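**Q** Sequence lines, in order, name chains A and B. According to the numbering used here, the stretch in the first sequence is residues 1 to 156, in order. According to the numbering used here, the stretch in the second sequence is residues 1 to 446, in order.
These are computed hints drawn from the structure, not numbers from a lab. Heads up, some of the hints might be wrong.
A few chain A residues that face chain B, going by a derived Cβ cut-off under 8 Å, partial list only [stated by the list, open to error]: (1) V49; (2) A63; (3) G99.
Among chain A residues calculated to face chain B with C-beta under 8 Å, some are [as the list claims (entries may be wrong)]: (4) A64; (5) P66; (6) V91; (7) I94; (8) Y103.
Listed next, the in silico PhoX-like pairs over lysine-lysine satisfying Cα-Cα at most 20 Å (straight line) [to be verified]: (9) K421/B - K364/B; (10) K109/A - K162/B; (11) K48/A - K124/A; (12) K364/B - K388/B; (13) K71/A - K61/B; (14) K11/A - K109/A; (15) K109/A - K61/B; (16) K61/B - K74/A; (17) K124/A - K71/A.
Source: prediction; values computed, not measured. We put the beta carbon where it would ideally sit given N, CA and C, even for glycine.
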Amino acid sequence: MLKSLHLDPLKCTGCLQCEMACSYEKTGVVNPAKSRIKIFNFEAEGRKVPYTCTQCAEAWCMAACPVEAIKLDKGTGAKVVLEDTCVGCKVCTIACPFGTVNYMADVGKVQKCDLCGGDPACAKACPTGAITYIDADWTGLDKMRAWAEKANAAAL
Amino acid sequence: MKHLILGNGPTGVVAAETLRGVTSADEIVMVGSEPEPPYSRMAIPYLLEGNIDERGTYLRKTDSHFGDLSIRQKQGRARALDTAQRRVTFEDGSVETYDRLLIATGSHPVRPPIPGVDLPQVQTCWTLEDARAIASLASPGSRVLQLGAGFIGCIIMEALAKRGVELTVVEMGDRMVPRMMTPKAGGMIKRWVEEQGIRVVTGAGVQRIDPAGANSAGGIGGMIKSVVQSVTGNKPADSAALTVTLSTGDKLECDLVIVAAGVAPNVDFLAGTAIEVNKGVVVNLAMETGVDGVYAAGDVTEAPDLLTGENIVSAIQPNAADQGRIAALGMAGRKVELPGVLPINVLDTLGLISVSFGQWWGEKPEDDGSGVELADEGLWRYLSLQFKGDVLIGATAIGRTDQVGVLRGLIQNRTSLGRWKKVLMDNPTRFVDAYIATSQPVSIAS
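Construct all of the structure, not just a fragment, from the sequences and the given hints.
**A** Spelled out as structure tokens, the structure:
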């Protein structure tokens, strides 16, 4: 059964444990600036919104890559950047209409959420259950996809 | 059903793979005009920098990829198309018939009509063969003049600089990347490039290119130099190959001229057919040419712009992939349409990263246009957002890479920004907040 990340803004307190866990998992240092999941903080409304790649079916990043450096992980459904192949052209960063592929100037490559190979560090670190990794049928994945679809407008 | 795809760049490859994904039995033939496996021109700067080898430019990394998908590959260049007989004749005299044809022949670099533009030391930077020639001529210390500071000129600049050449860039426009960047942004990029030690001459063209020492420019000195060369049998180490005369009257000695003065669609073989060609092959949003069974996609086409509805040629990788997929689905009988062509660009000029989206030049105030521009030239940061009503229609940014994709999202979705329009007019850097606030549900679970 395919699993996916379920992000629930109502349960998010903005503690940033997920950003710290993600950056540590992926870069070996605790540095939220390098996290692939971001918490957006809307002070005025007291609203926190966790946000990362939905591994959308359209995979704009993957289609736009000129050197086949973004591949589908069939086990998790994640679109994964192959760092050895990425030339750092950044086309995926402007092709993704969700803004969830980002260029890292220090390494000259792009990075995005890869679901940690099926054991996402952000979900394990979240103390409030705002980020969970559960069966796709359960997660409201369809609702997330619906948002993605809306964003993708009439592309297909 | 036989599908013939002319072109094996990103458009042709995506189309062939898409076709195979939806038709298991159809015959698919993909034709490329170069000897190498399908590769990405976009990766050539990284090849010239030495970051990757030629294999790193290949669009698909497995040798058996196309064979495994039963996609037959053919090398050839189309010479003529007969839409009544549904067949294409190639330059080598061979013929392929088709039931569905995709024109994905891409574009070629334009060599402006300048005397001397065909000299051997004058190169375009377009194919792997070009890249090999540039790699052999652009050695450390050699003097290189690059004609054109548009998008392609800017992406090869870094590769040249890293090879240790002495680089001069000549651009007709009044700034760098004039067709992708606002005046202020293009001016900032120019200043950045100059600070990295590159000489930039804007508002100038190349008038003529002469072999050094063999023309009036060389005068008596040139004659003596040729005599020396004929006696010693080789060129003195400091002798340049070329003398370039600029429209400003300046003369420059150089070893290599790289022409990056734009590209034009490959449409010659369509002469005499009923296929409408303007700047490119005219297609609708389903990538249909109007001639039965003939589709076109990628750099070779002009298709309606998402925002203005006017036909535009959009020679960019994401557009190639999108159009290739749409065309292939149509060829397989599953007609779909693009929402429209959205120009998007990202550029890295010697470490300064810039992006532009959509109608970055904005809309007239009388047509409900408004915009905001924020620049910190000391920190090399710049952001311009352009609106029509409360909808974002275009953007330009320098020095900003995080989440820039949402600019595409906002433009493409025609998101009504509501109160966020004013927030952005006051502080355009909050564009990601605006995107999240207008696109993310309060709770997905609710």
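**Q** Interface hint check: Y103/A, Cβ to nearest Cβ on chain B, cutoff 8 Å. Holds or violated?
**A** holds (4 Å)
**Q** Given the proposed pairing of K71/A with K61/B, does the C-alpha separation stay at or below 20 Å?
**A** holds (12 Å)
**Q** Does the interface hint hold: is G99/A within less than 8 Å of chain B, judged Cβ to Cβ?
**A** holds (3 Å)
**Q** Let's test the interface hint: is any C-beta of chain B closer than 8 Å to that of A63/A?
**A** holds (4 Å)
**Q** Let's test the interface hint: is any C-beta of chain B closer than 8 Å to that of P66/A?
**A** Cβ of P66/A sits 4 Å from chain B, so the hint holds.
**Q** Classify the hint on I94/A as holds or violated, based on whether any CB of chain B lies nearer than 8 Å to its CB.
**A** holds (5 Å)
**Q** Are V91/A and chain B close enough, Cβ to Cβ, to be under 8 Å, as the hint says?
**A** holds (5 Å)
**Q** Does the nearest C-beta of chain B fall within a distance shorter than 8 Å of the C-beta of A64/A?
**A** This hint holds: A64/A lies near chain B, its Cβ roughly 4 Å from the closest one there, short of 8 Å.
**Q** Take a quick look at whether K421/B and K364/B sit within 20 Å of each other, Cα to Cα.
**A** holds (17 Å)
**Q** Below or equal to 20 Å on CA atoms is what counts here, so check K109/A against K162/B.
**A** Measuring from Cα to Cα gives roughly 18 Å; hence the hint holds.
**Q** Compare the distance between the alpha carbons of K48/A and K124/A with 20 Å, and conclude whether the hinted pair is satisfied.
**A** holds (19 Å)
**Q** Are K124/A and K71/A close enough, with their CA atoms no more than 20 Å apart?
**A** violated (25 Å)
Figure legend: structure checked against the earlier numbered hints; hints not met, in rising order: 14 and 17.
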